[in-house]
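Enquirer: So the sequence lines, in the order shown, correspond to chains A and B. Quick note: the first sequence, position 67, residue 93 per our numbering, numbers continuous. Quick note: the second sequence, position 22, residue 48 per our numbering, numbers continuous.
Everything labelled a hint here was simulated from the structure, so no lab data went into it. Idealized CB from N, CA, C, for every residue including glycine. Please note that a few of the clues may not be correct.
Reference excerpt, derived from the structure (chain A facing chain B, CB under 7 Å, subset only) [what the hints assert, rightly or not]:
#, residue
1, L63
2, D64
3, F115
4, D124
5, H125
6, R144
7, A148
8, D250
Number of protein chains: 2
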Amino acid sequence: MNVREVGEFGLIERLARIVGVERPDVVVGIGDDVAVLDVGGPDWLLATVDCQMEDVHFLRHAIPPDQLGRRALAVNLSDIAAVGGRPHFALVSLALPDHIEVEWVEALYGGLRQEGERAGVAVVGGNISRSPDGAFIDITVLGRVRREHLLRRSGARPGDVVLVTGTLGDAAAGLRLLLNPEVEVEPAVRQVLLGRLFTPTPRLREAEAIVHTGGATAMIDISDGLSSDVGHICEASRVGVRLWAERLPLSGEARHAARLLGVPAWELALVGGEDYELCLTARPEAADALVAAVAAATAATRASAASGRAVRQSS
Amino acid sequence: MNVREVGEFGLIERLARIVGVERPDVVVGIGDDVAVLDVGGPDWLLATVDCQMEDVHFLRHAIPPDQLGRRALAVNLSDIAAVGGRPHFALVSLALPDHIEVEWVEALYGGLRQEGERAGVAVVGGNISRSPDGAFIDITVLGRVRREHLLRRSGARPGDVVLVTGTLGDAAAGLRLLLNPEVEVEPAVRQVLLGRLFTPTPRLREAEAIVHTGGATAMIDISDGLSSDVGHICEASRVGVRLWAERLPLSGEARHAARLLGVPAWELALVGGEDYELCLTARPEAADALVAAVAAATAATRASAASGRAVRQSS
Chain A
27 MNVREVGEFG
37 LIERLARIVG
47 VERPDVVVGI
57 GDDVAVLDVG
67 GPDWLLATVD
77 CQMEDVHFLR
87 HAIPPDQLGR
97 RALAVNLSDI
107 AAVGGRPHFA
117 LVSLALPDHI
127 EVEWVEALYG
137 GLRQEGERAG
147 VAVVGGNISR
157 SPDGAFIDIT
167 VLGRVRREHL
177 LRRSGARPGD
187 VVLVTGTLGD
197 AAAGLRLLLN
207 PEVEVEPAVR
217 QVLLGRLFTP
227 TPRLREAEAI
237 VHTGGATAMI
247 DISDGLSSDV
257 GHICEASRVG
267 VRLWAERLPL
277 SGEARHAARL
287 LGVPAWELAL
297 VGGEDYELCL
307 TARPEAADAL
317 VAAVAAATAA
327 TRASAASGRA
337 VRQSS
Chain B
27 MNVREVGEFG
37 LIERLARIVG
47 VERPDVVVGI
57 GDDVAVLDVG
67 GPDWLLATVD
77 CQMEDVHFLR
87 HAIPPDQLGR
97 RALAVNLSDI
107 AAVGGRPHFA
117 LVSLALPDHI
127 EVEWVEALYG
137 GLRQEGERAG
147 VAVVGGNISR
157 SPDGAFIDIT
167 VLGRVRREHL
177 LRRSGARPGD
187 VVLVTGTLGD
197 AAAGLRLLLN
207 PEVEVEPAVR
217 QVLLGRLFTP
227 TPRLREAEAI
237 VHTGGATAMI
247 DISDGLSSDV
257 GHICEASRVG
267 VRLWAERLPL
277 SGEARHAARL
287 LGVPAWELAL
297 VGGEDYELCL
307 TARPEAADAL
317 VAAVAAATAA
327 TRASAASGRA
337 VRQSS
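Next comes chain A alone, as it looks inside the complex (with noise of 0.2 Å):
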């Protein structure tokens, strides 16, 4: 059997069986998108990784290499925000086919310093090695959580409502449109949506203002699609999830875009993925509260709120 046929998280379960451990100082260990350490300080450290593999994650000549840089270490950051983290520092590791251009590689670090300084994350070292073909960019971010302010995906109880940070689908749509160049869309609504694709927002701030409410019972960040991502929630914490179409939050950009594509706007919101906003669970008397903390940072919508509802599962 190949890895294909056994799909990502087959052969994730697979692994962790081979290499899974319990000990003390492993808090979140392997199966998570971020690993929750205790190395001896008041905080818990935090340790995520994340790759960008030319021609399966971007097209190099359809993304500038600053803005594909920010990609790079956001995604990252998304992590630890999912978790009510902080990130501190980078390590970037590079593989680089030989006729890569350094002005290329000094524009993408352009960009992970931009990221960086917005977010008070240091690139503190990496490696650079030789790819016989595309460039390889993989990120490990390492942050801290008060341990106190840790969330997980396994804290969702039911009868919680399910609440996202922004809208959804936006980056799915930026996505469609750069497969369907023949589609013609106003160019402002186009710059909108291939930036939500190409730069998004890691919700560090949100997930700042979220963990201090202390209202959150679980959390993720939707990287998969929402109904992927809640779906880890709900198998971790063993709940099922009522979610109303009509209820998602979606840009009045992604919904235009969605009409000239041919395509329902739920169905981008759902599983386009890429979206990097924050997906939470909470009892239903501390979302006005966690919607209140969220706007405070951002535009934070409750439309979610409204639109899912945690119940126990059947299986």
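With the hints as your guide, set chain B onto chain A.
Expert: Below, chain B alone, put in the same frame as chain A:
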């Protein structure tokens, strides 16, 4: 100008200028093999990353996957040893072509577990992506070092002696035997040298013994070859070094293979690389205690203690 023309170290220097920062929590940042970070605990946090790329660092059909797993982790552990630290956690980022067998990946993880258990390292997370071409294994190792035990490249002083652990050139001899299958060599010799190439032994116990003596002034691990790596100490410490070819510590197997291959054994030891031994500097009066301390852990050799002496750099 492309990345091949500027070279690995030239590129790192350029990128460090873009993202390098002075921060109180960054003790050692970009440009070194290991980042040393202050996360508030009693120890400093160590972080290092290294990749194994198919057809660049390994040939998939020439190395069994469990040995590859051990090796991929061991080269990172060697970096942690080189600063006097202890490794604790590993994150494994894989990019795999669709056709790779699950059994191959599981065997790779079997090697990771084996090497991890020997060193007290838990695999706590990672990432799995698709690769359009070869397999890519990128491992981040996190460790800790007592603040007073940290050894850097920059501490060597004029008059210091140069010491190395173990023997040099074995892995390089193994690689040349692999690349020259027409050279006939006794199976026992081949096995020793290929073992040194495929499964290097990170010198963690030796490093611990070294820092406890308090006698070392600088340290690095030998990955590119003694001449290149001792050069990093010289550059960081602003000293020069004199090495005597006839005093390099060579195994009987490496000497024998060098004769059969028609290359000088000292060349394998100086520029062969992949040794993953430690190279350290010390005041001459501390050398005996260091050698005795290391010998208690393995049969450390003092050959290069006698063979090297740091002198003030003229340039």
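Enquirer: Against which earlier hints does the structure fall short, listed by number upward?
Expert: Structure breaks hints 2, 6, 8.
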